[in-house]
Amino acid sequence: MALPALEKTYQFNVNNLNNAAATDTENYQRLLLALKNAFIGFGTLPWTVVGSSNSSVAGMDAVDRWSTYTNLVWNTSAAARSWIVLKNTGLAANFQLLFALTSNGAANEYGMDIVVSPSAGFTGSSTTARPTATDEVVIHNGSTGLSWIGNYATNGFTTVHHVLKSTDGQVTRWVVCSQGKVISFFSIEKAADAVTGWTVPVVVISPVLTSTGTDVNKYSDLNDLATGAASFLSTTKFTLYMTAEGFIAATNGEQLNITANQISNEWMMGPVGFASTDVPYRGRHGRAYDLWWASQMMENATTFPSDSTRQFAVFGDLIIPWDGTIPKIF
Amino acid sequence: MTMPVLEKTYQFSVNNSLGTFAGEQEMYQRILLLIKNTMKGFGTLPWAVVGSATTAASGMDAVDRWSAYTDLTWNTSGGTHSWIVLKQTGLSSNFQLLFDLVSVGSNQYWKMNVYVSPSAGFTGGTTSARPTATDEVRIRDGGTDNWMASFQGAAPVTKTHIMQSTDGEITRWLVCKGGFVVSHFSIEKAADAVAGWTYPIVVTPIATGSFSEDHTTFAYLNDFAAGYGFVGQNAFRAYWTSEFIVDKTIGEQFNAVANQLSSEWPISPVGIASMTSGLRGRHGRLRDIYFGTTFNENGTTFPAGGTREFALFGDTIVPWNGSTPQIT
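First to last, the sequence lines map onto chains Z and S. The opening position of the first sequence corresponds to residue 1 in the working numbering, with each subsequent residue numbered one higher. The opening position of the second sequence corresponds to residue 1 in the working numbering, with each subsequent residue numbered one higher.
Same shape as in the complex, but just chain Z:
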């Protein structure tokens, strides 16, 4: 299809190489520190720090205690551990996002709590207890063993991470790749064309990696399952499927995955919608800005158009805006 026109303007922080560290713990620490720094480092409307803990000191005082990678400490719930609260006024006037390094074991750094507060804001907290909010919604519960990234329980692994954020703050995404695969995908974004009644139409996409040998954000993860995306109404979370155009019993990207369009010689870019089957939140509720489905045939780091402008890049089965560089997937 003809290249789509972007609905947002993006800031990019991509192709960041993270060489294999001495331990896998250090890998996770360095990676998440870099992702946080990218979030708060964008030039226009960056995320701001509301509070943090480094497992030794905690406070909701706008201080960023994640200065060095050793400040990121994972542990089980109620044990001393790190957390950070970030704020983005592009999503709502006081929209806050909490990453708490809670896992189901002291060395299980692939676990993490992801909690949002759309309005009230987080308060309280200590080094052993994450802050809470009266309107909080737990998107991801680290203590259950759900992973925000692949479980690489080996001595170090090399990753490359990409972070992008719209200048209006409504879309923030990261992609982490290792050995040619997408091992972590995270997005927090405002849905477009949201239905009436979806009070705060914010979607968090955080698919759980089930195998380290595959991409985390495929049709099978996001269109066939609703475990990879979620939103909320008031304080109740509901899960979301990411819809795609299709026919017979599969999406276009799965059906038409052998060749490019045989009339135009173009590869497909299909829009992404959001739909839930959770009762009482059933329905097709909106769509994503500037995010598209690709053909399954596409390899990671394929760019569009097929010239050096590289305006879009494929990761997993999704296509995101790109900055013109050659995407690294290591």
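Just so you know, not all the hints are guaranteed correct.
Said to hold, decoys possible - Selected chain S positions facing chain Z (in silico; Cβ < 10 Å):
(1) VAL231
(2) GLN233
(3) ALA235
(4) GLU243
(5) LYS248
(6) THR249
As the list claims (entries may be wrong) - Derived CB-CB ranges, DEER-like:
(7) ALA107(Z) x ALA195(S): 53 to 61 Å
(8) ALA191(S) x ALA249(Z): 21 to 29 Å
(9) SER234(Z) x SER323(S): 36 to 44 Å
(10) ASP64(S) x GLU299(Z): 55 to 63 Å
(11) ALA195(S) x ALA249(Z): 49 to 57 Å
Calculated from the structure, these hints are not laboratory results. We put the beta carbon where it would ideally sit given N, CA and C, even for glycine.
Assemble the complex: chain Z is given as a structure, and chain S must be docked to it using the hints.
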């Protein structure tokens, strides 16, 4: 979802009742005559007659010989039969459509040949042979394909709905009987067509054999490639795509209740995709037609107030003129 904004302006001739027919032959004759008369009768950019045949006379002379329903005669190929060629400049400067009343027998009125000529135009033709065009593409084969359900018995009461956009790019008909949609035909220019699709025109004739099921369903349009497009003289079959989760469309997945946040029923856009080898791909979308949900009944209108801007037939939703849709 929020009511879509129409991309075209429409002329409507809907809720046409032809009363009770004397027999099934008369039913097919009168319905097809009504459709033809309506297509050429719209006030703005109607279809024009290029030529026609009854069993008695024929000619590519702009004369419409289908005056009375008895002028419509079906027969096997090679036998004397009726045909008509219509032209619509809204689709291309010389786009022509041929209805050729050929069937596998003299009494199978639910079949006919349908051909298009996007540019060259049809020539020739006699009372026993349809005209041909150098760029013709066959859409329906009267030897096998229905244009309407086959009803063998006492002819039922029907309601026929026909609409055409004022720019001529979209023409659609629906025939209802007993609460079911028993014939659908649309010929329309696709939107957002891919480069290389020279004449991005989609023809979708849907008719199964049954008078007791809807023809405009996900099953016939999304699971089956009921549409046709063409590049040169190579036709491709086209699926009407819809938004999916898991292995079904939104309209099939969410068919129990309206959206539980907005209380609105889904109105989903329709794309066009083909699996025909050599012409594979997602090629465009259709304007001003949508998939609804399998839950809603024929004749349901949207929005919920009395404006009736859209009406549901089968699993599809079409623009509507504010009247109460009649389906029996």
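Hints, verified against the model:
Of the supplied interface hints, the one on VAL231(S) holds, with its beta-carbon coming within about 6 Å of a beta-carbon of chain Z, less than 10 Å. With its C-beta approaching chain Z no nearer than about 15 Å, GLN233(S) sits outside the 10 Å limit, and its interface hint is violated. Interface hint at ALA235(S): violated, since its Cβ lies 13 Å from the closest Cβ of chain Z, which is beyond the 10 Å cut-off. A least Cβ separation of about 5 Å between GLU243(S) and chain Z falls short of the 10 Å threshold, and the interface hint therefore holds.
For LYS248(S), the interface hint holds, since its Cβ comes within 10 Å of a Cβ in chain Z; the closest pair sits about 7 Å apart. The beta carbon of THR249(S) comes within 7 Å of a beta carbon in chain Z, closer than 10 Å, and the hint placing it at the interface holds. At about 54 Å, the beta-carbon gap between ALA107(Z) and ALA195(S) stays in the expected band of 53 to 61 Å. Here the CB-CB span from ALA191(S) to ALA249(Z) is close to 26 Å, well matched to the stated 21 to 29 Å.
A hinted range of 36 to 44 Å holds for the C-beta pair SER234(Z) and SER323(S), which are about 42 Å apart. Between ASP64(S) and GLU299(Z) the C-beta distance comes to about 58 Å, which sits within the given range of 55 to 63 Å. Between ALA195(S) and ALA249(Z) the CB atoms are about 29 Å apart, so this pair departs from the stated range of 49 to 57 Å.
Violated hints, listed in ascending order, are 2, 3, 11; each of the other numbered hints is respected by the structure.
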